[in-house]
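Participant: Sequences listed follow chains L and V, in order.
Each residue of the first sequence is one higher than the one before, counting from -6 in this note's numbering.
Each residue of the second sequence is one higher than the one before, counting from 540 in this note's numbering.
Bear in mind the hints are in silico, worked out from the structure with no lab data behind them.
Source: prediction; values computed, not measured.
Worth double-checking, as some hints may not be accurate.
Said to hold, decoys possible - Pair by pair, the computed Cβ-Cβ distance ranges are: (1) K631(V) / D121(L): 30 to 40 Å; (2) D675(V) / D218(L): 22 to 32 Å; (3) S220(L) / S627(V): 30 to 40 Å; (4) Y701(V) / G379(L): 53 to 63 Å; (5) N10(L) / K650(V): 35 to 45 Å; (6) Q495(L) / S627(V): 42 to 52 Å; (7) Q495(L) / K650(V): 41 to 51 Å.
Note that CB positions come from ideal geometry on N, CA and C, so glycine has one too.
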Amino acid sequence: MNYGYTGKIAEVDLTKNDFEERSLDTSILFQYIGGRGLAVKVLWDRFGNRWREIDPLGPENLLIAFTGPLTGYLAGARICVTGKSPLSNGIVGSTASGEFPIELKCAGFDGIIVKGRANSPVYILITDGNVEFRDATKIWGLDGKQTTQAINKEVRKIMKERDPKFGLWREPAMLYIGPAGENNVRNAAVMQKWTHACGYGGYGAVMGSKNLKAIVAKGTGPLPDVSDPVGLLNLQEKMYDSIFSDPQRGFWGTGAGAFSVGAEASSEPVRNWQEEWHEEKSIGVINFETRNWVKRYWSDFGCARACMKLAVVKSGPLKGAITDNPDYELGAYCGTNLGFFEPDGVVYVSSVVDDLGLSGINSANTMGFAAELYQRGILTKEDFDGIEPNWGDAEAMGELAKLIAERRAIGNVLAEGTYRAAKKLSDMKGLDMTHYAVHFKGIEVGAHGIRTGHHFPYLGYALSVQGGDHTSIPRPPLSEALAAMGDSLVICTMSLGWGPIQGLIWNFYKAVTGWDMTQEKWMNNNGRSIIQIQRAALLLGGPDIVWDPLTDDDNPYRWYTPLPSGPYKGSAPNKDQLIEMRSKAYSEFGWDQEGIPTTEELIKLGLEDVDKAIHHLRK
Amino acid sequence: MFSNYVEGLTLCARRVQTFRPWIVRDYVKCTGCRLCEIACSIKHEGRIWPEASRIRVFMLIPGIEVPHLCAQCSNYPCVNSCPVEALSIHEKTGAVIVNGEKCTACGSCIKACPGEVPHLHPDRKQVVICDLCDGDPECVKICERAGYFALFKGNRTESINYDLYAKNPEEITANLVINLYGEKGEEFI
Chain L
-6 MNYGYTGKIA EVDLTKNDFE ERSLDTSILF QYIGGRGLAV KVLWDRFGNR WREIDPLGPE
54 NLLIAFTGPL TGYLAGARIC VTGKSPLSNG IVGSTASGEF PIELKCAGFD GIIVKGRANS
114 PVYILITDGN VEFRDATKIW GLDGKQTTQA INKEVRKIMK ERDPKFGLWR EPAMLYIGPA
174 GENNVRNAAV MQKWTHACGY GGYGAVMGSK NLKAIVAKGT GPLPDVSDPV GLLNLQEKMY
234 DSIFSDPQRG FWGTGAGAFS VGAEASSEPV RNWQEEWHEE KSIGVINFET RNWVKRYWSD
294 FGCARACMKL AVVKSGPLKG AITDNPDYEL GAYCGTNLGF FEPDGVVYVS SVVDDLGLSG
354 INSANTMGFA AELYQRGILT KEDFDGIEPN WGDAEAMGEL AKLIAERRAI GNVLAEGTYR
414 AAKKLSDMKG LDMTHYAVHF KGIEVGAHGI RTGHHFPYLG YALSVQGGDH TSIPRPPLSE
474 ALAAMGDSLV ICTMSLGWGP IQGLIWNFYK AVTGWDMTQE KWMNNNGRSI IQIQRAALLL
534 GGPDIVWDPL TDDDNPYRWY TPLPSGPYKG SAPNKDQLIE MRSKAYSEFG WDQEGIPTTE
594 ELIKLGLEDV DKAIHHLRK
Chain V
540 MFSNYVEGLT LCARRVQTFR PWIVRDYVKC TGCRLCEIAC SIKHEGRIWP EASRIRVFML
600 IPGIEVPHLC AQCSNYPCVN SCPVEALSIH EKTGAVIVNG EKCTACGSCI KACPGEVPHL
660 HPDRKQVVIC DLCDGDPECV KICERAGYFA LFKGNRTESI NYDLYAKNPE EITANLVINL
720 YGEKGEEFI
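Start from the sequences and build out the full structure, keeping to the hints where you can.
Facilitator: Put into structure tokens, the structure is as follows:
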């Protein structure tokens, strides 16, 4: 029994309708911790020697949801969902906040691994020490809000029937998919509580491919024992003092960026990245705040920062839309990127993609791509089944999201994600449309541009093992090991990672697990190993797409086009300079000049099997 | 008409304090952070244990968070219903005190409570009810410290009927969802 862990992982086989409890070796937990790191290890051990053969949407792929040892102890509660990604064909650690990880731990499990494929739609119900399969035929097809309500009702009834004397049963927590995941839309998200998405990676489609509508947990136990309860309490006090001492800590969330990242930083997607600058004051957070927010602070278990807000459209044609915040990313992607700058439109489109279970960043990137093709007359109203996706038309964009989620008309192509859709459309129309696709290794890019040279690093996404994921960015000479730290401890970077108490993270780790770790050791060893395995998996890719580092470790075509407007007009990276920078970064990351992790690096990290598996990639 | 107005004013002014604490709950302000549950379970159980917490936040609809805890009814139906005298009233604070050794977890108090507030301890054979932490509730301290004031410490006055707060969270949810989501909220009740 290790402190901070329940010591059990539920491994579920949907084909066999069976589950077994697995424990993990202490040495593996010590090395990979949990969340992203641990899942990367599990995936690599299973598939490493034949990574290319594994179909991300086939029954063999694993859908993994892991907590970390600090989940619930350090402010906030997140879950890390992963598997072989149907977008990048590598591994993306995709996290979201909510109560699911707490319920899972209280039910006695650190995580769940799902393999196989159910014959008909099911959901998994996890209660204290138990895993069962329940029929989901009746909830298949329901949107996110309906799904949540139907499962809440059913599970509360089950709990009451099983233990009627307990008193009132609360709602369970769940990971679920909407219609987009059911229809294997490649940028479908795994959702929690209506609005919180494990968005990057396309794991909603992986759940859908397994006929798995939801994973539901209701636990009644405590969080696991910790090594130093008094030390932990002191750290929590320090954390609260630090966070609470700033009264405006989470007041605007990240929503203020919807104006400032465009107007000031000039790095916001506007009309599918045709521009990155605007100065539309209507999208200022003051308008969301005064018009749409019904809760100024909305948070998940243990959160002390409360950067989420609850937003509603209260009047007009879009009335009834409900979403969180929206945060910066959706303010940008479900707003400026689609050409509108009004809060109601942003809340509406965010709410539509939430309900459909689409990833708001990734699918709205695809929608922007499609709208640009419409703008250029390459796609027509007929292609869109009568919809006219004009920039700025929120209702039409909502309809476009439905077209994609339901795979109707051109939606069936767009459902493959921006990159695959661009390739397919290029073949269909005999025109190169990949120039309009703003993605990195199949992952549609986050809402932070690089062209000014001042916002995100020039090569941040190009060298990321998670492609366009804005939360996993290497900053040479530093690798992405820092991002892997948060995703492996499974903590909230909003709450702590960027805060003044970041330096306490390993103290928390020590108080909870009793184990020692230093930032230096993490960056040079543990975290670095995780990144090297992810890099290997990404380069192996397959079966449908294989990335070539020298071609694909680069920015998309559009990002070399000089910015057409704003204070940084004319600004664009210089490709020759970037190639030089890339060459240097390769060496710093332990990769050869072809971008492949070197034997020396891998042996040093004890990853001989990884070296063997990628040997054939080296020239 | 005029006399009614004066009477009204007099009623408002006659907010006689009783020196008994009451945890004021401002449902609209609840963020759902559950720091109250963390603080409560650390105080009473020595660890983080949401289902053993004496205050539980119900989120039957996302965004609609309802902190659910004892309201210390004037007639204490729970205490009166207990067949083994396991429940008593704290002399100073008026809180319901559970004697874990006497309690048989029969559930009579849960049935007697108009808001179904008490629930069984997940492990021990006894019911759990808010004991007001001897007058200085931990849940309130963390919520005030966080600046949310969804829970804050008040003193019982004679002009408020606190019994009405012993209310089922489903009923509170049905009100709150309309308050926050408007007509759309009706779809989720």
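Participant: Taking the hints in turn, state whether each one holds.
Facilitator: Consistency of the hints with the structure:
no.: 1; hint: K631(V) / D121(L): 30 to 40 Å; result: holds, 37 Å
no.: 2; hint: D675(V) / D218(L): 22 to 32 Å; result: holds, 28 Å
no.: 3; hint: S220(L) / S627(V): 30 to 40 Å; result: holds, 38 Å
no.: 4; hint: Y701(V) / G379(L): 53 to 63 Å; result: holds, 58 Å
no.: 5; hint: N10(L) / K650(V): 35 to 45 Å; result: holds, 38 Å
no.: 6; hint: Q495(L) / S627(V): 42 to 52 Å; result: holds, 48 Å
no.: 7; hint: Q495(L) / K650(V): 41 to 51 Å; result: holds, 50 Å
Consistency with the previously given hints is maintained throughout, with no hint failing.
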